[in-house]
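K.L.:
Chain by chain, the residues:
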Amino acid sequence: MVRFFLRRLVFALLLLVCTSSAALFLTRLAPGDVTAQLGPNASRSEIESTRARFDLDRSPLSQWILWAGRAVRLDFGDSFLYNRPVAPLVIRAAGNTAVLALAALAIATLVGISFGIVTGSRQGSHTATLVGGASLVGVSLPPLLTSLIFVFFAARTGWLPPGGMSSAGTSDVSWAAWAIDVAWHLPLPSLALAVPIAAIFERLQSQSMSDAVQQPFMVAAIARGVPRRALILRHAWPVSLRPLCAVYGLVIGALLSGSFVVEYVTSWPGVGQLMYSALRARDIYLVAACAAMGACFLAIGTLAGDLLLAAADPRVRDQHA
Amino acid sequence: MKPSRYVGLGVTAGLLVAFFLVRGCPSNRNATGDSNAAPRRGGQIVGSIRSTPRSFDRLVAADQASDLFGVLTQGRLIRINRATFELEPWLAERWESSPDGRTHTVHLRQGVTWSDGMPLTSADVLFSLKAVFDAKAGSVVSSSLIVGGQPIAATAPDANTVVFAYAAPSGPGVRLLDMLPIMPKHKLESALAAGDFAKAWSPGTAPTEIVGTGPFVLREFQVGQRLVLDRNPRYWRKAPDGGSLPYLDRIVLELVPDQNAELLRLQSGATDITYSELRPEDYVPVRRGEQEGKLKMVELGVGTDADAFWFCLKPEAKKNDPRLAFVQKREFRQAISHAVDREEFARTVFLGEAVPIWGPITPGNRQWFTPNLPRYAHDVARARDLLKGIGLEDRNNNGVVEDAKGTEARFTVITQRGVGYYERGTSVLREEAAKVGIALDIAPLEIGAMMPRMLACDYDAIYTRPLFSDPDPAGNPDFWLSSGSTHFWNIGQKMPGTEWEQRIDTLMIEQAGTLDLMRRQALFNDVQRIFAENLPALYFAAPRLYYAHSRRLIGVTPSVMRPQLLWSADTLSVTNP
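Protein chains in written order, with the numbering used here: chain A, 1 to 321; chain B, 1 to 577.
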């Protein structure tokens, strides 16, 4: 298991270096640079000093070497947009993204798996048909649309805040009051993010559950007189979890690193929103740092997925032992 | 299911509904009010911004959010009233100008203090000017404070007097001082000396370190979320009743990057004002909100900036492009102007909320607009004749005109991606130009990719909205002068490339150095006429601007210039503080 963890750690480091370096190179090689933000009235000296400040007066390779050398010392450079070091900006945003993604994951897991169990164990019933249809709609809804639908809903009804992570004036309240306020802002973006994932989970769970209930051990359990509820939850469900666990890690990684649109539309101050603004402004070091954080999330997600898979399936545990 | 479970489910559902209803009770944010009612003290308004300020120091950042922050927290000696375009004494209570217009003596208002209690003195003014022209400070306002090719100089005979010396007479005179926010010497002097001025007031700076003479002070900045500004208890300006200003206790500026979400927030009452004027496509939902009594839609008037279409006319950049031969002929550009039906353009692009124009100065700029310009009526036959006159005909019947050598009049037009009126404008332009045999292919780009190409003349044609920083033409020399950095069609010429640009240069230099306003207007009318004859950039319609705000605001004085409402934030108040 230790070797497994070490292997994962090396993989995560490689992913991090490759992703952030690729982001740096791509941002550098894309047409335009951060000096476009200075506007057409900027003087030549202003443009040159900005280019020098962000090492844009060097070759891309020389810039990367300089940046990598600093990154080893945990100096990831300054942001043009925020005029300050990128590390604290990205760390703070990552925390916010994690809160959103974990809430969305919890909703998607709870809803998706619950409905998947019901529809998988009652194939052909009206409930299964109804939920299956709803899931197909959910899967085909892009997060941009779900975000706008939920923001519209919040705006029209006034039942939920139409965006943001906290209310104004909550910076000097108690931790508990702040947490309640954040929880109040959480349903809208987390639902927007959770709907398509819950639908995917439901479809996967439903399919694997329907496979599991047809296994021979289920017939044996029925013959032993095991009640239906226990039959489904204790016997069939654990067996049906394997395909779900296999994608769970990827979903966690994608959720944590890919909530761009939802964060943008709902003004959630996470990595997605930060990276979007950085990309638009060609804020090169901020883009690289956000990409590195996305890679971290992906690595954490895949690791969590592997652990879940190991917990659910003894064969996987034996393989890593 | 057992009955107890139904009860449990019912209680849970009931609690949830109660929770949502209590939290979701419509607040009194949408309470209606009369914007002309007597002002009330207290309360807060919530606005939105689409990006956070790059710096809290307006001298080093020109982005819209930094500018707004500067307007709310810093003062200037003299202010241009954004509603009337007239000058107003601000931190300076009066001034005198010498007859030759080169010396301006400014007297500071007595008793003005910074928000931390330190007195404002002439040393702060001298310090601000020093910072503007400090090579390491990276000021973004320095080019606006150069007269006759020299930086404005200043001396301070005493703590309340500053004498500004211009290297040449200046038509705008003290109006230029509106471009100079006064910064606190006691807070920033060490940063300037250390060469760290540009980073001294970065968004990471503690709010207590940021002091100003404006109506509000920074209370907190939550990265990626909001700015909270509290009233400055030491603000110098008084209300007509002698009471203190500003009326509001707090302004919250929420970061809402998406403009659709911003509008939804305004409609829901979560915000009171938006970042900028409405898009044409927002008029219908906002009018509905107005009918429902939630919002108030204000017509700001015709905008002072309009969308323009121009070709790269720089010979050095296009020396191998055979199309330059006909693009440089004014008849070619006049033909396009004739090809476009401006009334239809206004209807389609701005959904009818625009007026036809023939030059860069719109009717919104009342002081400098002239209606007496050459006009190009919609006349496809005349356009074709003009093209034929310069040797452009559709010789191979493919619908596109070409010259005798077979060079087609086909161009790629770049414009900013994601802006509805640019996309509609280029689409209409393409259709109208096609009717006279000019083919336009549209290529929307991100602004970051578009800007370097624009500055390097690496394009065929561009459709975008050049912004004037000052309604006074002398405040925009970079646009008008052939050597200017925003003389977009041929930037930064060492010598005027054409005879008519030479004439515009001469007239602009003369009008900028003329003190008599009538004479300046006459000279500038000539400039506009030459521009309209030669059409280096084509203008079709100027949008009529609208702004929406919640009905609880009192004392709204809207402006066509940004920030449309918050430029007079000190006199804003709310009906239900």
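Keep in mind that the hints were calculated from the coordinates and are not lab data. One or more of the hints may lead you astray.
As the list claims (entries may be wrong) - Far from chain B, by Cβ distances over 12 angstroms, these chain A residues were calculated:
1. Arg3
2. Thr27
3. Thr35
4. Ala42
5. Val72
6. Val111
7. Gln123
8. Ala128
9. Gly164
10. Arg228
11. Ser267
12. Tyr276
Claimed, not checked - Beta-carbon label-pair distances, calculated as ranges:
13. Asp441(B) - Val137(A): 37 to 43 angstroms
14. Ala167(B) - Arg53(A): 27 to 33 angstroms
15. Asp441(B) - Val10(A): 47 to 53 angstroms
Here the structure is a predicted model, which means the values were calculated and not measured. The C-beta atom is built at its ideal place from N, Cα and C for all residues, glycine as well.
K.L.:
If a hint holds in the structure, say so; if it doesn't, say that too.
P.N.:
Going through the hints against the structure:
no., hint, verdict
1, Arg3, "40 angstroms, holds"
2, Thr27, "10 angstroms, violated"
3, Thr35, "8 angstroms, violated"
4, Ala42, "7 angstroms, violated"
5, Val72, "23 angstroms, holds"
6, Val111, "15 angstroms, holds"
7, Gln123, "22 angstroms, holds"
8, Ala128, "19 angstroms, holds"
9, Gly164, "6 angstroms, violated"
10, Arg228, "15 angstroms, holds"
11, Ser267, "5 angstroms, violated"
12, Tyr276, "7 angstroms, violated"
13, Asp441(B) - Val137(A): 37 to 43 angstroms, "38 angstroms, holds"
14, Ala167(B) - Arg53(A): 27 to 33 angstroms, "31 angstroms, holds"
15, Asp441(B) - Val10(A): 47 to 53 angstroms, "49 angstroms, holds"
The structure fails to meet hints 2, 3, 4, 9, 11, 12 from the earlier list, while all remaining hints are met.
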